[in-house]
Amino acid sequence: MIRKFEKSHPYPGLLIIVEGIDGSGKTTQLQLLHRWLEGMNRRVFLTEWNSSRLVNEAIKRGKKKNLLTPTTFSILHATDFADRLAHLIIAPLKAGMIVCADRYIYTAFSRDVVRGVGREWVRDMYGFAVKPDIAMYFRVPIEVSLERILSGRAALKFHEAGMDLGLSDDPTESFRLFQTRILSEYELIAQECGLTVMDATLPITRQQEIFRQLVQEKLAEHDPKPIVSVRRRSRTNV
Amino acid sequence: MSDTRSFFGEGHPYLKITGLTGKLIVVEGTDGVGRSTQISDLKRWLEMNGHAVVTTGLTRSELLGKTIDQAKAGHTLNTQTYCLLYAADFADCLEHQIIPALRAGFVVLADRYIYTLMARAIVRGADKDWIRSVLGFALKPDAVLYLKISLENLIPRVINSERIHEHYWVEDSPEGLDYWEAGMDLRLGEDFYDSFLEYQRRKMNVFEVMAKEYGFEVIPASRGFSQTNRQLKQSIQRVLQSE
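If you're matching them up, the sequences are chains A and B in order. The opening position of the first sequence corresponds to residue 1 in the working numbering, with each subsequent residue numbered one higher. The opening position of the second sequence corresponds to residue 1001 in the working numbering, with each subsequent residue numbered one higher.
Excised from the complex, chain A in its bound form:
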């Protein structure tokens, strides 16, 4: 079984991804990085996890009618990812762009395993994914994340709090238990997949400095240029 995300991709662009539990500050950091890259007149593309319309309806219907099982939940997100990977990640990478992805396959690796699917199974399923050039994991203690999340919004949503797992009837407590399990999966993944760990309790500006430094080094290594010669279209591609 080939897991493409274990080997460097052949495209001229650069793939930068951020991961971490809710409230780790990863989105803020990625947006700041995006601003900076734009300011340098780089061709950048920002993309989020779970943003396509392809299976959104099915996921919504499944959540509403409580039809989703850990397996269908996991496969539907992978389906969506496969579509976005082709259109929103590989295409810009071939065009020599810098793709900034808010969450990536590691989100599925942690969340879906906590929901009960096999660790190896979910990794195999995402075997077609491209390996990021920079994968930043924002590590934060559970209490810090909880504080950030709970002060920022009115109420936790059902699935966000992991209420479907039946860990606790209290959304806040359920969220804490759910995120704690996610966090320990992330620790495993960071080791296994070689994610760069960022101390997400540091001041925002300090984290951004470190992040930019890392990206700067990557950019110095190679200058992204678009692919201009097209290989003959394979007959087997849909």
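For the record, the hints were derived by calculation from the structure and aren't laboratory data. Using N, Cα and C, we set each Cβ at its ideal position, and we do this for glycine too. Careful, some of the hints might be misleading.
[Claimed, not checked] Here are some chain A residues pointing at chain B (derived, C-beta under 7 Å):
hint: 1; residue: Gly118
hint: 2; residue: Gly127
hint: 3; residue: Glu187
The hints should help you fit chain B onto chain A, whose structure is shown.
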């Protein structure tokens, strides 16, 4: 007996498959080989013999609803997206229909199973090991009865005056040959017929390999309904007698 039930590949920790006392019998075979006619007859026959029967197929689940059709109509799907959409649909059917029925002691007659999904995937260029591990959570069936037919015998069953009419004039016809079933998305030939032929040929080749690999019971389906039917019944009887 219930303890012998196992996953096709790597199962999921949360999926409990003990106490599934029913039997899972899969009928595989290409489009137009006569699967559904056979299955409805087998169901009647089994029920006459006192077995409770549930039939399932690769039809649209409640979960996916029109999503698959919309996705296919919407824009070009890449191979992985295509395969995963069908895998999700199958998972829904497995967990909401097949497993509960087996737990209740039913005979489940499956009109196609993961093998069709794998064949479609492989013909579309998916990595064989990849699709096999994606579908690893499926239950290993008690028997896979593969209705085998030659292309010469298949063509008149699929392409005849009724079906051509249906395919061309009746919208959303379940009987008509649809674009994807003919593998038109693969652009294997200059027209519908050429594409159909090449698509079926490739799928049959994949099935040949799988038949050996997974130990299908091959049942010749080129002759008539009754000969095939007799053989199917013999095989099913054997499965039901084995404990």
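Here's how the hints hold up against the structure:
Annotation: interface hint on Gly118 (chain A) holds; nearest CB of chain B at approximately 5 Å, less than 7 Å. The restraint placing Gly127 (chain A) at the interface with chain B holds, with a minimum CB-CB distance near 5 Å, inside the 7 Å limit. For the restraint placing Glu187 (chain A) at the interface with chain B, the shortest Cβ-Cβ distance is roughly 19 Å, beyond the 7 Å limit, so the hint is violated.
Of the numbered hints listed earlier, the single one contradicted by the structure is hint 3.
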